[in-house]
Amino acid sequence: MISIENLTKRYGTSTVVDSVCMTIERNSITVIVGTSGSGKSTLLRMINRLVEPTGGRVLIDGRDTASEPAHLLRRRIGYAIQGHGLFPHRTVAENIATVPRLLAWDEARIRARVGELLTIFQLDPASFAHKFPHQLSGGQQQRVGVARALAAEPEVLLMDEPYGALDPIIRAKAQDDLLDIQRRFGTTIVLVTHDIDEAFRLGDRVAVMSHGRVLQYDRPAVLLTHPADSLVSRMTGIADRAMRLLSLTTAGEAVQPGVADGTTVAESATLRDVLSELLWSGASAATVVDAEGRPRGCVTVSAILARGRPD
Amino acid sequence: MKLDRLGALLSVVGAAALMFLPFVLFKSNRIMPGEPRALGELLPLWASLGCAATLIAVAAVALAVADARLRLAAALAGLIVVALAAAAAGDVLTPLGNKVVRVAPGGAFWVLLVALGLMASDAITRLRPGPALRVLLLVLFVAACVAVLVHGTFDNLSVMREYAVNAGRFAREVRRHVALALGSLAAAVIVALPLGILCHRIPRIRAGILATLNLIQTIPSIALFGILMAPLGALAAAVPLAAELGIRGIGAAPAAVALFLYSLLPIVANTVAGLKRVSPAVVEAARGMGMTDRQVLTRVELALALPVILTGIRIVLVQNIGLVAVAALIGGGGLGTFIFQGIGQTAIDLVLLGAIPTVALAFSAAVLLDALVEVMDRVRQ
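So the sequences go chain by chain: A and B.
For the first sequence, the numbering used here gives the first residue as 1, with consecutive numbering after it.
For the second sequence, the numbering used here gives the first residue as 1, with consecutive numbering after it.
If you are wondering where the hints come from, they were derived from the structure by calculation, not from laboratory data.
A couple of the hints might just be wrong.
No farther apart than 20 Å at their CA atoms in a straight line, the calculated lysine to any residue pairs in the SDA-like style are these [what the hints assert, rightly or not]:
| # | chain 1 | residue 1 | chain 2 | residue 2 |
| --- | --- | --- | --- | --- |
| 1 | A | LYS131 | B | LEU304 |
| 2 | B | LYS27 | B | GLU374 |
| 3 | A | LYS131 | B | GLU374 |
Hey, can you work out the whole structure from these sequences and the hints?
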């Protein structure tokens, strides 16, 4: 658990982060979203003390982060940034091994960990371990950047606009991968983005920041249905907020007993996608099937419409 | 068929030199003006014809053949023939056992040497050899030169006559020359590297330091040697320990200090440029992963800036090897001693004894460091 208490950063007379308080649960993805200049990156960088706070403190599992040298703290916290920041003079394997080497792991353990991470990130160790970063595509570089951040099995992973430089299709894939990784390792992830769609797609909880303050910090559905103020509702989008709300629920979560004829949808599909499918096919209900194709029940258009309204 | 432009130029220049300039000069002693001798009047007919035929064939290759390997082979064959012809001329013109007469290579010899050397280096450039191969070629070339010199092939040519007289001093002055060039370089690296890092970290002081070093660079070397004589002389007079350590107004001390000062700018400027080229995202990632400031500097910033810094060191080393020759003027020693002595005695052969090894040293240093820079830079874009 990460507790952020009255965290403040001032440069001269300008306050970049203004007494922010947040509690970040273990094993969750928290997304900090805001426009440029809102202080979101500075807030993130104060967690691993790349920026030293002017006031307030950060506790990780009850321990004040200021109680140990900054470089030792950072070795326990994963860090991935936009444009990956890979070392151009080191191979993919050497890049991933950076923090384990700093922690003086033995070579066999490092080799095993590098191989494991490359496999998880769908990069064949035999052909990628000895390549240099400039020989990789943008998406591959990004994956190596995240693998490097996870190399020493950190409990916390900080990500600063990690997908900002990727094109939309590769970005969607990278986001899916991140959700998989989070489930697999149970890492506590704090991610900064300016993209509200990314925030809703990834975040268990989302913090909306503006001018150094956190305007609202809650589950995505609450941000849509009960925005704290007009700025939050404008940032989360007014025109398509109903569709956004539907995209937060999967068919599996909304399933009800019964069968429908014709249309079938996967239980992992969002209600937004199911509604789109039903509009297209003209049916009034769809059968929900699980990963093996067994029917689990159905969802109806009227039930979906009911979920698109704030309660 | 396309005519090679460089080949055409070199062929015309070589032919003109052979026609209008003497191949060797014969002097009855070392300071007499030389009498020109042409190749045809010295060598037996078969040898003269052989030389002419070879040079014509080399010119034909230079003009019309595009294959770089063949061009290199032709240029090397030409160089060997010209060198052997000069050696043979020396043997023919020197009466057995006579140590007084001098046979000096003439204008035609030097022009041919330069033309064939240019043809060879152009061919090597076209072959684009890797760094390892270039170093190997250098080693082979140096080994071949040393072998023929030790064998005594050129012993009857004037430069080697001067060498025979000065053999003991020659080895000493070469060591002195190399020590001065490398020593001042090492001292400059120790000072300039931290200074460059400081300039990179603190932009406020960058302009001032670079401007100061630039100013030093503009002082002519002889003037700087002169300027340093007074303070170092005063230092030696005031501090006996300094004098004991060899610090004097003249000699190696002012030479080393001047070379050191000239070395600073290229290394500081290249260190700043090299560090500037390191992407801020890479430094940010390195810090974010928990490297200490020192680790970020050595493992990331300097490691990435190294090829550019080495380029600066290459500039300095080649520049120093040349400047050490001038330092002989204030008693700094080195190969320049022969050059200035030769000028004083109007003995041009003695000048060459200093000048040729200086050029060879600078050339070898450039090839070696270029190869090193390329190896360092190879893994990067």
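Handout entry: Unsatisfied constraints (hint numbers, rising)
Key = When the structure is compared with the hints, only number 2 turns out to be violated.
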